[in-house]
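S.K.: Input sequences plus hints: build the corresponding full structure.
There are 4 protein chains.
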Amino acid sequence: MLSKLPFSCDYLEGCHPAILERLSNTNYQSCDGYGYDPFTLAARDKILQACQAEDGEVFLLSGGTQANLIVISGLLRSYEGVLAPSTGHINAHEGGAIENGGHKVIGLPQTLGKVKAEDVENYLLNWNNDANHDHMVKPGMLYISQPTEYGTLYSLAELQHLSYICRQYSIRLYCDGARLAYSLASRNNDVSLADLARYCDVFYIGGTKCGALCGEAVVIREKNLIPHFFTIIKQHGGILAKGRLLGIQFDELFTDDLYLRIGSSALDYAEIITECLKDNHYQLLFETPTNQIFVIMENHQLQKLGEYVSYSYWELYDDEHTVIRLATSWATRAADVQQLCTLLEELQNS
Amino acid sequence: MLSKLPFSCDYLEGCHPAILERLSNTNYQSCDGYGYDPFTLAARDKILQACQAEDGEVFLLSGGTQANLIVISGLLRSYEGVLAPSTGHINAHEGGAIENGGHKVIGLPQTLGKVKAEDVENYLLNWNNDANHDHMVKPGMLYISQPTEYGTLYSLAELQHLSYICRQYSIRLYCDGARLAYSLASRNNDVSLADLARYCDVFYIGGTKCGALCGEAVVIREKNLIPHFFTIIKQHGGILAKGRLLGIQFDELFTDDLYLRIGSSALDYAEIITECLKDNHYQLLFETPTNQIFVIMENHQLQKLGEYVSYSYWELYDDEHTVIRLATSWATRAADVQQLCTLLEELQNS
Amino acid sequence: MLSKLPFSCDYLEGCHPAILERLSNTNYQSCDGYGYDPFTLAARDKILQACQAEDGEVFLLSGGTQANLIVISGLLRSYEGVLAPSTGHINAHEGGAIENGGHKVIGLPQTLGKVKAEDVENYLLNWNNDANHDHMVKPGMLYISQPTEYGTLYSLAELQHLSYICRQYSIRLYCDGARLAYSLASRNNDVSLADLARYCDVFYIGGTKCGALCGEAVVIREKNLIPHFFTIIKQHGGILAKGRLLGIQFDELFTDDLYLRIGSSALDYAEIITECLKDNHYQLLFETPTNQIFVIMENHQLQKLGEYVSYSYWELYDDEHTVIRLATSWATRAADVQQLCTLLEELQNS
Amino acid sequence: MLSKLPFSCDYLEGCHPAILERLSNTNYQSCDGYGYDPFTLAARDKILQACQAEDGEVFLLSGGTQANLIVISGLLRSYEGVLAPSTGHINAHEGGAIENGGHKVIGLPQTLGKVKAEDVENYLLNWNNDANHDHMVKPGMLYISQPTEYGTLYSLAELQHLSYICRQYSIRLYCDGARLAYSLASRNNDVSLADLARYCDVFYIGGTKCGALCGEAVVIREKNLIPHFFTIIKQHGGILAKGRLLGIQFDELFTDDLYLRIGSSALDYAEIITECLKDNHYQLLFETPTNQIFVIMENHQLQKLGEYVSYSYWELYDDEHTVIRLATSWATRAADVQQLCTLLEELQNS
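Protein sequences, first through last, are from chains A, B, C and D.
In terms of this note's numbering, the first sequence has 9 at position 9, counting the first letter as 1, and numbering is strictly consecutive.
In terms of this note's numbering, the second sequence has 47 at position 47, counting the first letter as 1, and numbering is strictly consecutive.
In terms of this note's numbering, the third sequence has 184 at position 184, counting the first letter as 1, and numbering is strictly consecutive.
In terms of this note's numbering, the fourth sequence has 210 at position 210, counting the first letter as 1, and numbering is strictly consecutive.
Keep in mind that the hints were calculated from the coordinates and are not lab data.
Honestly, I wouldn't trust all of these hints.
[As the list claims (entries may be wrong)] Here are the simulated lysine-lysine pairs, PhoX-like style, with alpha carbons at most 25 Å apart:
| no. | chain 1 | residue 1 | chain 2 | residue 2 |
| --- | --- | --- | --- | --- |
| 1 | B | K116 | B | K138 |
| 2 | D | K4 | D | K46 |
| 3 | A | K278 | A | K4 |
| 4 | B | K138 | D | K116 |
| 5 | C | K304 | C | K46 |
| 6 | A | K138 | C | K223 |
| 7 | D | K138 | D | K116 |
| 8 | C | K46 | A | K223 |
| 9 | C | K114 | C | K138 |
| 10 | B | K278 | B | K304 |
| 11 | B | K223 | D | K138 |
| 12 | B | K4 | B | K278 |
[Claimed, not checked] Ranges of calculated distance between the beta carbons of each label pair, as one might list FRET restraints:
| no. | chain 1 | residue 1 | chain 2 | residue 2 | range |
| --- | --- | --- | --- | --- | --- |
| 13 | C | Y164 | A | R261 | 57 to 65 Å |
| 14 | D | W127 | C | T255 | 54 to 62 Å |
| 15 | C | L260 | D | Q339 | 41 to 49 Å |
| 16 | C | N224 | D | R261 | 40 to 48 Å |
| 17 | C | N129 | B | N128 | 36 to 44 Å |
| 18 | C | L260 | B | N128 | 19 to 27 Å |
| 19 | C | R198 | B | S86 | 42 to 50 Å |
| 20 | B | S86 | C | N129 | 16 to 24 Å |
| 21 | D | E298 | A | H300 | 55 to 63 Å |
| 22 | D | D45 | B | W127 | 28 to 36 Å |
Cβ atoms here follow ideal geometry from the backbone N, Cα and C, with glycine treated the same way.
M.R.: Written out as structure tokens, the structure is:
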């Protein structure tokens, strides 16, 4: 167990208590496997309603890398690759899952984890114009994340622009929403679930980092966009016999809009921590509107901080500084935030 | 929810209550992700101890097809294939997962789901002697299951013989233990966890069908037999961020030998049902020592049965008969068994 | 160099002299690479004309396994597998190329290398009716070969029946024509190139075993049946920079119907050898209408035969007999046939 | 046929006349298939001798992309990727073959097609130090080309440095020698075949662009470095039944050091063209020591040039300029060079 203040990531605790309660209450109800249980069916309906995507489909998977791998394999043909910001999770931290599945990840320039519509369009235009493009991987889709790996958000206008470009060039748009609850609860966000369903071809609603024990809900804009998707999931080992485990969790997360609210406290606490950092003259790598905070720490402070706080190493900044990440979550406690702030203040003034 | 008597399979209910309780008690403990939580570490130790495999390794995965796919991909080189009884789960019901991962499944003759050492040896001998074998897939491992897909068991002598052949020909032996608890609790079984660890290179201890919400524990006979296995799991989307979900379940299943006991009642109930079937002159496809019962039903009886009982269609027998499967599990209730027996009696006498 | 009489296979010599001459005459003509040379363009036209397939496409590849791998990968989606007689080349002797490419080869019962339409239909019907077929590989195509690996031929009626079943069940029909010239020249054959183009979706016209140094011509029934096929070939390493090498050979083979004639002498010689075998009371495994002869030899005769003749070991027959294969080709010489016959006669009478 | 002066690439003509002659002289010699013919055996010996690599192995393949795909698949495990200069052929122009085979190509910074040892070391060091590297693709090899895609050369000192780094970090070094003859004949080159065999783990000697009709000779530093490589080649469709086609060509190229001489005239002509360009105040993108010349042309000149000369479009330079490539080869004729120079002079002065 972590004996330190838990700010290293947003998957340190179990799940929202309502989910646990529901698992208990339903435990002895017998129901069909493989996603044909009534909880999964209810969750699908609620999610489609929340996304205003009546013609869509929902599939529940266990984790984010699995969702990315299976969706991308399902959408692309063998000769196609996926465009992604070079910092995209699929390009950097999924053990080469996409390439292992046969597809090239084509890294695009990025700023704070976001790709620009212009850069996407330029790539597609150049590819179209290249006389030798039959010797090259055909770009078949664009991968983005909301929030990004850097906690930043696409605005609705940006999403619309990306979507417009993708449709103009007949490639798919896919959004990785591993931390989607932290964008939906952000006051700086203007992209709703319905917007994602409208402007993306496929996206997933992250459960694991947003209050579930496990699980991501893949939303497909229209039925049969990916034919035989069940078998594709099966052949990647992504079908749980007890699909109820995923169904119950998402049914609960989408009851009374819990998912839309579950990120709020994380954002409040992230703001408090950010203010504390600024008040105490810490240097932020940049300010983010969601639950991840990137701080440029002096190296000599890190050891002390590490004695009391569990944080994430992010990257070297220069010889004397290191970027670390602090993350809040739906489970973050007020007392821990207060202790963290006190500690940060002391550290700067010692 | 199933309104009928639930005998179609062994994954119809949630999980053993001790697991639910443990999930609740530990819910707010913060701990590291990706299998570095203390529950997973404890579960690994307990499993290795139960298997008397101190030099071994344990990895926790979500489901059976995932375990098969990842273990087989990890063990084989691209030019190798896997021998399996033609009825093996990997050959028949995993959506071509193994082939999608690049490896041929080579079907061998089988009897009630079991492969004979002689047939394995013949195949290997013929391959060795074939002057053109460089043009053929090299057999790299043997896949078996315990219990098999037909509920039958390998005896210790049979396992030893298979193991001997595999080692003589330098191929791996892998055992799929999706329903392992139902063999361990069987009075007809003489193969222990330690035997599996000694005679197989890798096997997995099934959780999903044996009392867990999800999860299978892959046991590798010796450390580093599969180098970089974490990354191999990651690139197949098999790493859960909240590894605690798997750790807590297996820690509980291997506390006070729960896993060794959890299948007992299922076997008792299976015996009761079998006796009832025999007493009432139903024809069994064959008798099995575990929790699956295969009955040859007259077609005209099936409709009636289906009104009250959830069973599995297995295969056509002849124009007037159909084979069905009835399965018990750790969650099977005495009252349901009694009702089922009453119904079977009535059905035969009506 | 083989110092023995060369009857082990049909790829022992170089190529038809007309091809060599054409390679020489065109050697210094500069032309574009990657199949955009005028020879390839001419060869495509001639082949389409010979196949009466004006709406089709032709791609020239280097070898048979390559053609099978690339065509099957191009036609199937990840969740699909290929039905084939269990003796089919893709199932037995291509090193698992198809599975390495991600697809299951589903072996069907066969007789002398041929599959029956009834068996194909039964498989497809059962698959359609199986309630669990989403957990199984979807059959996406049928692979056959003409002549088969056993030198036998499908009749036109049989091909039509297979084609009808495939279309009824919406799967593709693909024919491996590695030795096609030896069927086209057979008096027992009633399947023309145009028939193959009409009843198959894709087939290939074998060059390597039929007079070329290398090369197989893949004929696709209609344009864009396999979109982006050039890139699919490229990503399998199947595009030759000097596509002219293939273009020149097929242009020559399809000039003045050379391909239709090139197998004739091989068949004449095969008949002579067969007659000699029968006259001398050798036992044939079965009689074939093409250029491969399967003989059941007494083991004690084999050593003697092997001193003078290069033959192919085929399989054990019983403790005292072995099946061998003798093959003729476009390059077989009358003198060698005569020597072989004399030897066979002596051997039987010694 | 190209009616223009042929300078677009180095694979516009057939093959060296000695090869054609040898194909003719040996045409009717019967010999074993699949690379067991005496020509291939002789070629292997001669190549190993030329490389001073008695303990090595040689395999003959059809083309460059095929060689890259098969070697990289053979060397890497599934969790490994290949480092390459971002301009490397495998990263840009092979249709995603490496990723289709399951491996990530990790692009490194490059200058004129070359990667620096420092950049390689930095990548490997950072990877080693990254606490999360189990979530990342493990770098398993470095891919370079000699000459590079930009016609530049690694010096012996540079090759030694790269080799040292690779061995220090236990990754493989592989060199793509598609145009190797043009480096070996260059006066600016100090890297011999023996150096490549000593400092690389695997490299290939390009035939297709260096005087052969097709074919690349893969040289492996020591036997069994890639176990079961024949089957690996087979499963990628890379085995030619008539292996003699490759054997004869390489036997001839390595008779009397033909391969070491075959690039000389191409380099002489490249120098003449380069001098002409400089004398006439054309701007070179940079000067190269081999057979490819990169010129920054004014757009209005291009149309005129294109009427008489077949050249390669390379890339846009700015709004008014375009980079083109002119390539010479073993087959380039003096008269064509002279006409080209006259034309370039006229164009600049018109």
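S.K.: With reference to the structure, classify each hint as holding or not holding.
M.R.: For each hint, the structure was consulted:
Of the supplied pair hints, the one linking K116 (chain B) and K138 (chain B) holds, its CA atoms being roughly 19 Å apart against a limit of 25 Å. For the suggested pair K4 (chain D) and K46 (chain D), the alpha carbons sit about 38 Å apart, so the restraint of at most 25 Å is broken. For the given pair, K278 (chain A) sits about 23 Å from K4 (chain A) by alpha-carbon distance, which is consistent with the 25 Å threshold. This hinted pair does not check out: K138 (chain B) and K116 (chain D) have alpha carbons roughly 40 Å apart, beyond 25 Å.
Distance hint between K304 (chain C) and K46 (chain C) is unfulfilled; the C-alpha atoms sit about 47 Å from each other, more than 25 Å. The hinted pair formed by K138 (chain A) and K223 (chain C) meets the criterion: a straight-line CA distance of about 19 Å does not exceed 25 Å. Proposed proximity of K138 (chain D) and K116 (chain D) is supported: the alpha carbons are some 19 Å apart, at most 25 Å. Our distance criterion of 25 Å between C-alpha atoms is broken by K46 (chain C) and K223 (chain A), whose separation comes to about 44 Å.
Distance restraint check for K114 (chain C) and K138 (chain C): the Cα-Cα separation of roughly 22 Å lies within the 25 Å cut-off, and the hinted pair is therefore satisfied. Between K278 (chain B) and K304 (chain B) the alpha-carbon distance is near 19 Å, which keeps this suggested pair within the 25 Å criterion. Annotation: proposed proximity of K223 (chain B) to K138 (chain D) holds, straight-line Cα distance about 19 Å (limit 25 Å). For the hint linking K4 (chain B) to K278 (chain B), the alpha-carbon distance of about 23 Å falls within 25 Å, and the restraint holds.
The given range of 57 to 65 Å is respected by Y164 (chain C) and R261 (chain A), whose C-beta atoms sit roughly 59 Å from each other. Taking the beta carbon of each, W127 (chain D) and T255 (chain C) are about 57 Å apart, inside 54 to 62 Å as hinted. Roughly 44 Å separates the CB atoms of L260 (chain C) and Q339 (chain D), a value that falls within the hinted 41 to 49 Å. Range check, N224 (chain C) to R261 (chain D): about 46 Å between beta-carbon atoms, so the 40 to 48 Å window is met.
The hint said 36 to 44 Å for the Cβ distance between N129 (chain C) and N128 (chain B), and at roughly 41 Å that hint holds. Taken as a hint, the range 19 to 27 Å is violated for the pair L260 (chain C) and N128 (chain B), whose Cβ atoms sit roughly 43 Å apart. Against the hinted window of 42 to 50 Å, the Cβ-Cβ separation of R198 (chain C) and S86 (chain B) comes to about 36 Å, which falls outside the hint. Between S86 (chain B) and N129 (chain C), the C-beta spacing of about 20 Å keeps the proposed range 16 to 24 Å intact.
For the hinted restraint 55 to 63 Å between E298 (chain D) and H300 (chain A), the CB-CB distance of approximately 58 Å keeps it satisfied. For D45 (chain D) and W127 (chain B), the hinted distance range of 28 to 36 Å is satisfied, since their beta carbons lie about 30 Å from each other.
Violated hints, in rising order: 2, 4, 5, 8, 18, 19; the structure is consistent with all others.
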